[in-house]
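*Asks:* One letter stands for each residue in the lines below.
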Amino acid sequence: EDQVTQSPEALRLQEGESSSLNCSYTVSGLRGLFWYRQDPGKGPEFLFTLYSAGEEKEKERLKATLTKKESFLHITAPKPEDSATYLCAVQEGNFNKFYFGSGTKLNVKP
Amino acid sequence: NAGVMQNPRHLVRRRGQEARLRCSPMKGHSHVYWYRQLPEEGLKFMVYLQKENIIDESGMPKERFSAEFPKEGPSILRIQQVVRGDSAAYFCASSPENSPLHFGNGTRLTVT
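These protein sequence lines map, in sequence, to chains A and B. All letters in the first sequence, in the order written, are residues 1 to 110 by the working numbering. All letters in the second sequence, in the order written, are residues 1 to 112 by the working numbering.
No lab work stands behind these hints: they were computed from the structure. Given the structure is predicted, the values throughout are model-derived calculations rather than measurements. Any given hint could be a false lead.
Stated by the list, open to error - Among chain B residues calculated to face chain A with C-beta under 10 angstroms, some are:
id : residue
1  : V4
2  : Y33
3  : G42
4  : N98
5  : L101
For glycine and all other residues, C-beta sits at the position ideal for the given N, C-alpha and C.
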């Protein structure tokens, strides 16, 4: 059973068209939820950590939020340079184990 | 501060050969993780190590794959007798205690 599910798999936006990416998880005892950005041919780049429901983090055009069962990555007025795959990961309970979703591939057209 | 360093970036092996992938964690990081990624897919956990100890290897195939993180030197992921299905990108990540993972840029293994 997948612990982390991301949707949509792919998203095409026009420059300036805001949207949200979803990450739902089923692990019990969430220790932390993490968002990463991955560019082709590169390793994932850390963006945010969220620890508890109601928490929000922002960085430039990105804002991450967390509820008890899911997280959203909101992208406001995206630019073509925001095109990348966005990965969500969760860390469970007392374990130093991180489960990753399959990612959302974002393409922002100028 | 150097990030997580992986080498080689690209590795080509013939079927039956051995592949050795190296990972130097960020300074001060004592936890190392190895992940495998196929094209258009997510990261699949393989193994989690601390210095001189394998903590969790539940994601690693029982045969042909091994990993180590010695007291001195980089972490090594070793694949013996490679097969075509081993072709993938292998990513290493490191962290200090209770912190997010920081990734290297991966080793792309091609088995011919």
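*Asks:* Is the hint on Y33 (chain B) kept, meaning its closest Cβ partner in chain A is under 10 angstroms away?
*Replies:* holds (7 angstroms)
*Asks:* Given V4 (chain B) as an interface hint, is the shortest Cβ-Cβ distance to chain A below 10 angstroms?
*Replies:* Hint on V4 (chain B): holds, closest Cβ of chain A at ~7 angstroms, below 10 angstroms.
*Asks:* Under 10 angstroms, Cβ to Cβ, is where N98 (chain B) needs to be relative to chain A, so tell me if that hint holds or is violated.
*Replies:* At about 8 angstroms, which falls below the 10 angstroms cut-off, the nearest Cβ of chain A leaves the hint on N98 (chain B) intact, so it holds.
*Asks:* Given L101 (chain B) as an interface hint, is the shortest Cβ-Cβ distance to chain A below 10 angstroms?
*Replies:* holds (6 angstroms)
*Asks:* Tell me if the interface restraint on G42 (chain B) is satisfied: Cβ within less than 10 angstroms of some Cβ in chain A.
*Replies:* holds (4 angstroms)
Every hint, counting from the list given before, is met by this structure.
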